[in-house]
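S.K.: If you want the building blocks of each chain, they are given just below.
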Amino acid sequence: MNLQLLAQINSFLAALVLLTAFAMLSQRKINSLVTLFAWQGLFLSINTAVVGFVAAKHHLYISSLLTLSIKVILLPYILHVLIVRLKIRKEMETIMNIPTTMLIGIALVIFSYHLTAPVREMSTLITRSTLAVALATVMIGLLMMITRKHAVTQIIGFLAMENGLFFAATSATYGMPLVVELGVALDVLIAAFIFGIFFFHISTTFDSLSVEQMESLREDN
Amino acid sequence: MITPIELSIFSAIAFAIPILFVIVIGNSRRLLICISFSVSALASLINVAAGIMAVSNGEAQHLILPLGLPALPFHLRLDELSGFFLVVVGLLSFFVSIYSIGYVSGLATGKPVKRLIVFYNIFIAAMFMVCLADDALFFLVAWEVMAAASYFLVMFEDEHSENRRAAYLYMVMAHIGAVLILLSFGVLAGVTTGFESFTGYTFDAMREANIPPKWAAVAFLLSFCGFAAKAGVIPFHVWLPEAHPVAPSNVSALMSGVMLKTAIYGIIRITFDIIRVFPWWWGTMVLVLGLISAVMGVLYALMQHDLKKLLAYHSVENIGIILIGIGLSMIFTSFRLPLMAALALLAGLYHTINHAMFKGLLFMGAGAVLHATHERNMDEMGGLIHQMPWTSAFFLVGCISISALPPFNGFVSEWLTFQAFLLSPSLPIPMMKLLIPLGAAVLALTGALAAACFVKVFGVIFLGNWRGHHHHAAVEAGWSMRIGMALASLTCLCLGVLPAIVLNWMDVISEKLANTKLISSSGVYGWMWLTPVDPERASYSGPLVLIGIVAVCTITYLLLHVKPGMISRVPVWDCGFQKLTSRMQYNAVSFSMPFRRIFGYLFDIKEQIRLSPQQRHTAFPVKSNYYLRIRDRFWGWIYRPVIDRVVLLSRKAGLLQHGRIHVYLIYSFLTIIVLLALL
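Sequence lines, in order, name chains P and Y.
Here the first sequence is numbered in this note's numbering, starting from 1 and rising by one per residue.
Here the second sequence is numbered in this note's numbering, starting from 1001 and rising by one per residue.
If we strip away everything but chain Y, and leave its shape as in the complex, we get:
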């Protein structure tokens, strides 16, 4: 019988097969795309199986690879947490790989498809390896391979300077993060062995070590900042809205859906598994940053009219929500309230898998729309529901899920997070009692704003009439793209309807990390009722809600359609103005206007209405132009000053370089003299 960890390794090696195909059958493009993405899908599916087995078995498996540096081999470990993230990564890569068959075939012929296939596979394999790594060395190797592969994927269309800039920004942020993580591991490994040998580099050694609180805090802060740079927590979020829009949509689905989650994995691994004992301010910090990211992310998203940029900002929001769960869990853990810690942790993890599914689905949908319209600006779209009925249905599923509405999955995890919030009055510190209701309110606001945002997205893209200047004949996405989206939608539904089963399966993680099981369902119909704390307090039944919704919809439909003539179509009332055009519809900018008025102070907004050349008199303008520019304030607050300083310093350092050999020789001569004189 093959063990899960071996299965996982083999499937990771299987990702090399498509790379071989690129070399062997690189010439026939269509065949290459079909075969290689099928193999990637299969390998991902095997990883899902390995992950499910690992979580169900409930015991950790170790493996030492004879690779790596001399005397420092690579350690691998598949425990429940790794298994869970294998499932998350594998499930979405499976869907996206199926989707990619159609998506990549549809790309213009001049695009470097081979490069895309090679880096796509390296990228997914590296994500699996990050989840399996059990020593600092292998973790960082896998982490950097993942970053480098995704950099090349972001650079896919490198003929535009905008894309190169986005990829560069991504690379810089990824490296800052990696350096911080490296330092954090250095601190942990050093403290483990008293800064004397390298043997502390395995996670096992770090787990057993007794880390002094000060060093633990240093390690935690470093690693948290490093992982936050990858996850896109505010204020490290600047690369997301740049990099996600320019990557091909299947890659953005993976980057946003699962790559950000590897950072969440890292945070949980370091805090709950390696350091384990921590003061309450760590959790508070994570919670506050999560709240800020959630609310700011959704507000930024509301302001966008570029579809993929909007989705990228929503990733910031959802990472925030996940961090809220994790932060709450950390607070509860440090006050020794294991049951609540387990609840909050599971809420965070459940939102992790949910976000992977619906954000992957939404990016796939965005890719299908992009494919059909060649347009990213939502204000140039409209009425696509008629041409693309399937895509719009799947996209709607994604919209409902991300807006946290039942019966889909987003609702369940946010509901669990609220349950965790509602339990917080048992905390002993008054400040926390004050902070946490506020946090719950912010989370509620976030949910409402996200719903508003997706009303805008769906309404502007799929409803109404075509708003754009040039009308493309949009066609429905191909079968493989539809299958990919359908599977993701189905998973969203299942995760929303049967949360009790999933949570029971995941419970072993909370048992290991928070030291207690969360018995989340009870009674005979356990799979039907989700009762995270106890049945009297709160319960949710996905199946019943689904049945209710389906029943109401069916009855409404029947009532409206059973008698002919109940629905009549009449011309739109044009307010007496006779020339209604499709440009007069509500669009993304006008929809978000109220939010700009209320939350405008949070952004750097420049709004202008210019009346252009009058013919006779100012009272009779011929044409008016509306100009709107919204900028991230964080760029001006943090990033621009840093960049300015760096440029200034490098200019100063550049003065040393004259290009004269003599001067360089004098530098070394003086250095030698000074060193000799000093020593």
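Excised from the complex, chain P in its bound form:
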């Protein structure tokens, strides 16, 4: 396979990751949100494998498998169980309406491309053009955390941010050392467990998972 084709596959996967990020930004139903998150993980995993093939770095296959097992299977499963246990069915409210959020997302993508322009010129990696997408994914994840009121969606936003960071690592430097990636994967897993436990406590304390309720914890002044 020639490099040109591989670079195009890489760009295509990057586009898919960005697309899923935008889809998550616009999705109101929580079950679909989890599915989209799983899709994003899948694209990420394939991309990692492709980059590993291109750069002939075999440890990237391991991290690809790791991504596949954790982000595509395990975390969506945990989130799904959480949603069923906590009986979350209704649509998620947002702070801003969806079109405005999408516009801000587009602005963030443009901003990311502007920001990474000097890097693209200097870098020689074939994955260099996807750095902007990675940065945009991180920022869209953060934007999702800001605009959603529900605690579970915030967690998905957080995990999407992590996806973006992982994507940035593979595209900018052909991945981090394996030890670091293992550590990060474990961290994400543990974070998910801790969040799960917290959600149970929050929902029993406030009878709701809306983070707006937590405002009542504030000290009055």
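Errors might be hidden in some of the hints.
As the list claims (entries may be wrong) - Taking CB as the label site, the calculated pair distances span:
{"#": "1", "chain 1": "Y", "residue 1": "His1160", "chain 2": "P", "residue 2": "Thr205", "range": "33 to 41 Å"}
{"#": "2", "chain 1": "P", "residue 1": "Ala107", "chain 2": "Y", "residue 2": "Ser1197", "range": "42 to 50 Å"}
{"#": "3", "chain 1": "Y", "residue 1": "Ile1672", "chain 2": "P", "residue 2": "Phe53", "range": "28 to 36 Å"}
{"#": "4", "chain 1": "Y", "residue 1": "Lys1214", "chain 2": "P", "residue 2": "Pro118", "range": "39 to 47 Å"}
{"#": "5", "chain 1": "Y", "residue 1": "Arg1207", "chain 2": "P", "residue 2": "Ala55", "range": "53 to 61 Å"}
{"#": "6", "chain 1": "Y", "residue 1": "Ile1672", "chain 2": "P", "residue 2": "Pro118", "range": "13 to 21 Å"}
{"#": "7", "chain 1": "P", "residue 1": "Pro118", "chain 2": "Y", "residue 2": "Asp1204", "range": "49 to 57 Å"}
{"#": "8", "chain 1": "Y", "residue 1": "Arg1164", "chain 2": "P", "residue 2": "Ile95", "range": "39 to 47 Å"}
{"#": "9", "chain 1": "Y", "residue 1": "Lys1214", "chain 2": "P", "residue 2": "Thr205", "range": "58 to 66 Å"}
{"#": "10", "chain 1": "Y", "residue 1": "Glu1196", "chain 2": "P", "residue 2": "Pro118", "range": "28 to 36 Å"}
{"#": "11", "chain 1": "P", "residue 1": "Gln8", "chain 2": "Y", "residue 2": "Val1663", "range": "40 to 48 Å"}
{"#": "12", "chain 1": "Y", "residue 1": "Tyr1664", "chain 2": "P", "residue 2": "Ile73", "range": "31 to 39 Å"}
These aren't lab readings, by the way, just hints derived from the structure by calculation.
All C-beta atoms, glycine included, are put in the ideal place defined by N, C-alpha and C.
Since the structure of chain P is provided, determine the placement of chain Y on it from the hints.
M.R.: Just chain Y, lined up with the frame of chain P:
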């Protein structure tokens, strides 16, 4: 043969033994108190021995402890100056530890005695370590341990909100001081190595460095302000009258007697030992602040009727007097007049040890009075000389010493300070020639006012009849308290009668720091005559004065008592008004009335006389109420505006906190965007 510095380290470790006792025999209170304070006393005494040896040997000893941060071990050094302060700290902690056996046993059973013992020992050990430290790191560690331990000691009776407030104020002031000292050391260490490595943190490296005058001035100002916050120099004095009254009396004795002195040690260490070369305005600044502290401290003290608050203000005054000596010495040093510098420095140091002794004694006496009467307000006391003859005798010794009257020690050091003042016409700058006689006059005024103040204290507490509403049956202090006070009184007397011996012993300090020896006595009977400059100019003989005073007293006593009937007791003349009560005596407020009239503009005084409900006509009031409130003007000038600003700023900053997660996320989001866009 064990060297002084090892001796000192071992005895400092010995302070951990009482802490172990607290764990092991914490249940039997009486035994615990006896044993642990005896051990503290012994350890302090060993430190005194180490200090005396170090000063007599006249050479510095170094030790590097394998503790501290990696590659930055703790350096210790015992030289003459450290040795002198070890003696000061050790001597008073020895007396106070003996005194504490009785004092702490007498505390109510509900009080947290174990906590007191633990922090008391940490506090004393930390003071020793401050004197021994030879690098900035260890100095600050010891300094902060000392501050923290004394904070918990001030918080001893934390059930009263007043005490918590005082402790908090003390903590804040201690931290402001510590931060300034830290910055000062940072400047010195940085300049030493050109801001490139950490090796400049030892005092040795700082000594050898050639510090540019500008940086030296910055370091001096920072460290002076930092140490002044600890020493209670006006305007940093606000915590003293709050913290000293609420601490247990043995702790106030230590805090006022020796903890303030560690700040004096720091000032001398930084200026005379580390920076060494300084312009004359530094000394002038120290001198002026010392003069202000001395006179304002004594005036504030005169206005008080709370015994321990009054003593706390007297600490401000005495720190002022010590600083006068040090300031004069700095001025003389910068004009290269080593002999006079040595005289002024020794005067300051001598007053340091004297103040430690008599202020410790007075606080111990105050503790005994408090113990007996459960009262801090002097206007509720009176006539205690009959119930507490020993305590009153020791307290009188303290009063005479602090009022700078012969034959006790306060006189000697103030006399030496005056000698230093009288030598100042040889200074080359006209302004100094003007300032210094003025300073001498202020010091004289201070001495007179202090004497007036202690006439009031002694008269109101021990003489006359009981003034209070409720009459307690006061009992004399226990044996250990009496021994503690007796030893301190004896030391006051010895320091006053034999100053020549002590000054000869201390002379090595002036040799090291001011580069010349002050030959303070001469002739065959050298120990008898103190001649600081030369015999023709001024001399003082403690023993002769003592003999004279004893002779006059004996003759008077004999003349009055030899023939029966010379003294006759008659009823007090009641001015024709028949119902004299003990409430009509002179009290603390009425005694200080003339001073309030003369110096009233210096204080924020609110005085009211209210005639309360008339029955028939205004011309016939039934009862009149007198209300007096005296406040420190510095609080309103400096501290209140600062506190107001801080509160205002924190309110403004508090607006950022909404308690909404989204808003916090937006903060970080915007920060990231802005940083990305800027970089």
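S.K.: With respect to the beta-carbon atoms only, verify the hint that Arg1207 (chain Y) and Ala55 (chain P) lie 53 to 61 Å apart.
M.R.: 59 Å, holds
S.K.: Evaluate the given range 39 to 47 Å for the C-beta pair formed by Arg1164 (chain Y) and Ile95 (chain P).
M.R.: 44 Å, holds
S.K.: Could one say that the CB atoms of Ile1672 (chain Y) and Phe53 (chain P) fall in the range 28 to 36 Å?
M.R.: The hinted range 28 to 36 Å holds for Ile1672 (chain Y) and Phe53 (chain P), with Cβ atoms some 33 Å apart.
S.K.: Could you say whether the range 58 to 66 Å given as a hint is met by the Cβ separation of Lys1214 (chain Y) and Thr205 (chain P)?
M.R.: 60 Å, holds
S.K.: Range hint 33 to 41 Å: satisfied by the CB atoms of His1160 (chain Y) and Thr205 (chain P)?
M.R.: 38 Å, holds
S.K.: Okay, Gln8 (chain P) versus Val1663 (chain Y) on CB: inside 40 to 48 Å?
M.R.: 42 Å, holds
S.K.: Given the hint of 28 to 36 Å, check if Glu1196 (chain Y) and Pro118 (chain P) actually sit that far apart at their C-beta atoms.
M.R.: 34 Å, holds
S.K.: Holds or violated: 31 to 39 Å for the Cβ distance of Tyr1664 (chain Y) and Ile73 (chain P)?
M.R.: Check passed, 32 Å falls within 31 to 39 Å.
S.K.: Against the range 39 to 47 Å, how does the distance between the Cβ atoms of Lys1214 (chain Y) and Pro118 (chain P) compare: consistent or not?
M.R.: 43 Å, holds
S.K.: Would you say the C-beta atoms of Ile1672 (chain Y) and Pro118 (chain P) sit inside 13 to 21 Å of each other?
M.R.: Distance hint for Ile1672 (chain Y), Pro118 (chain P) holds at roughly 18 Å.
S.K.: Is the gap between the beta carbons of Ala107 (chain P) and Ser1197 (chain Y) within 42 to 50 Å?
M.R.: 48 Å, holds
S.K.: Is the hinted range of 49 to 57 Å satisfied by the C-beta distance from Pro118 (chain P) to Asp1204 (chain Y)?
M.R.: 51 Å, holds
This entry satisfies every hint, going by the numbered hints stated previously.
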